[in-house]
Amino acid sequence: MKDTTQYPQKIKKLFKALKKGAGKAKKPASDDLIEAIIFAVLCQHCPESSAKAALKKIQSHFTDYNDLRVARREEIVEVINSDITEATKTAETITALLNAVFQKYDCLAPEDFANAGKKNARDILEKFNGMTPFICSYVMLTVLNAHAVPLTGKMIEYLKANDLIDPQLDNAQAVSFIEKQISASNAYAFYTAIRHDSELM
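Take the sequence shown: its letters are residues -15 to 185, numbered as in this note's numbering.
Just so you know, these hints were derived from the structure itself, not from any lab. Some clues are possibly wrong.
Unchecked claim - Restraint ranges, calculated between C-beta atoms of paired labels, are given here:
id : residue 1 : residue 2 : range
1  : His45     : Lys102    : 16 to 24 Å
2  : Gln(-10)  : His45     : 23 to 31 Å
3  : Asn129    : Lys73     : 25 to 33 Å
4  : Glu141    : Lys164    : 13 to 21 Å
5  : Pro117    : Lys(-6)   : 22 to 30 Å
6  : Pro(-8)   : Pro12     : 23 to 31 Å
7  : Ser66     : Asp15     : 22 to 30 Å
8  : Asn99     : Lys(-4)   : 31 to 39 Å
9  : Gln(-7)   : Glu62     : 30 to 38 Å
10 : Glu58     : Gln(-7)   : 23 to 31 Å
11 : Glu62     : Pro(-8)   : 17 to 25 Å
12 : Asn146    : Glu58     : 23 to 31 Å
13 : Ser160    : Leu184    : 32 to 40 Å
Said to hold, decoys possible - Within a straight-line C-alpha distance of at most 35 Å, the following computed DSBU-like cross-link-like pairs (lysine-lysine) qualify:
id : residue 1 : residue 2
14 : Lys10     : Lys103
15 : Lys111    : Lys73
16 : Lys3      : Lys88
17 : Lys111    : Lys36
18 : Lys144    : Lys(-4)
19 : Lys88     : Lys41
20 : Lys111    : Lys144
21 : Lys88     : Lys(-4)
22 : Lys(-6)   : Lys88
The beta carbon of each residue, even a glycine, is placed where N, CA and C say it ideally should be.
Using the sequences and the hints, build the whole thing.
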């Protein structure tokens, strides 16, 4: 049986080294639910630099996020295709999630969401059509300052390749393990540090 007691110390050592090299990570200035959802969809399978470029194009092309919500899939794909892999699937996920928010709140600026409490907010997010664990964790972390560590598939591969987590863990188990090692106050810094290093692979 593989000795797993080594992993927490390895994670802390790497995080300390990466954090020292990267400087202090700053959370996104916006705590807008819809913007966080869109950005998370864009960056769950692509580098953050590509997601930022795609988000700027979306904001420039569409009148507002409601205009994006009702847009044809082909139009969204045309806007993001040069930056985002799996552009069709990404466009479908964006519109599915925006429509899920709209159907629940009858708007795209729901005050009730932020006031729902972290546990209820997570329950609400998880029920939205098109939601994934990464998107949910990203929104919880950046919008609600919850204790969550969003991990993309590439980030999990990076952790396994560097012998930082048990290679037999599935994605959900990997996230759960990492969240036990990383405090809420360090969650965003850990996310950005590991994400940046994993994207250099």
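Evaluated hints:
1. A C-beta distance of roughly 33 Å is found between His45 and Lys102, which places it outside the suggested range of 16 to 24 Å.
2. Take Gln(-10) and His45: their Cβ atoms lie about 49 Å apart, and the range 23 to 31 Å is violated.
3. The hint said 25 to 33 Å for the Cβ distance between Asn129 and Lys73, and at roughly 29 Å that hint holds.
4. At roughly 20 Å, the beta carbons of Glu141 and Lys164 sit within the given window of 13 to 21 Å.
5. Checked against the hint of 22 to 30 Å, the pair Pro117 and Lys(-6) passes, with Cβ atoms roughly 23 Å apart.
6. Judged by the Cβ atoms, the range 23 to 31 Å given for Pro(-8) and Pro12 holds: they are separated by roughly 28 Å.
7. Separated by about 29 Å at the C-beta atoms, Ser66 and Asp15 satisfy the suggested range of 22 to 30 Å.
8. Checked against the given bound of 31 to 39 Å, the beta carbons of Asn99 and Lys(-4), roughly 35 Å apart, stay inside it.
9. At about 48 Å, the CB distance of Gln(-7) to Glu62 disagrees with the hint of 30 to 38 Å.
10. For Glu58 paired with Gln(-7), a C-beta distance near 50 Å fails the hint of 23 to 31 Å.
11. For the pair Glu62 and Pro(-8), the supplied restraint of 17 to 25 Å is violated, since their beta-carbon distance comes to about 46 Å.
12. A hinted range of 23 to 31 Å for the beta carbons of Asn146 and Glu58 is inconsistent with their spacing of about 40 Å.
13. Between Ser160 and Leu184 the Cβ separation comes to about 26 Å, which falls outside the hinted range of 32 to 40 Å.
14. Simply put, Lys10 and Lys103 have alpha-carbon atoms about 24 Å apart, close enough for the 35 Å limit, and the pair holds.
15. With a C-alpha separation of about 19 Å, the suggested pair Lys111 and Lys73 falls inside the 35 Å cut-off, and the hint holds.
16. For a cut-off of 35 Å, the pair hint linking Lys3 to Lys88 is broken: about 39 Å separates their Cα positions.
17. Between Lys111 and Lys36, the direct Cα distance comes to roughly 26 Å. Compliance with the 35 Å bound is thereby established for this hinted pair.
18. Our distance criterion of 35 Å between C-alpha atoms is met by Lys144 and Lys(-4), whose separation comes to about 15 Å.
19. For the hint pairing Lys88 with Lys41, the CA-to-CA distance comes to about 27 Å; that is within 35 Å, so the pair holds.
20. In summary, the hint linking Lys111 to Lys144 is supported, as the alpha carbons are separated by about 29 Å, within the 35 Å threshold.
21. Under the criterion of a C-alpha separation no larger than 35 Å, the hint pairing Lys88 with Lys(-4) is inconsistent with the structure, at around 40 Å.
22. Taking the CA atoms of Lys(-6) and Lys88, the gap is about 43 Å. The hint is violated against a cut of 35 Å.
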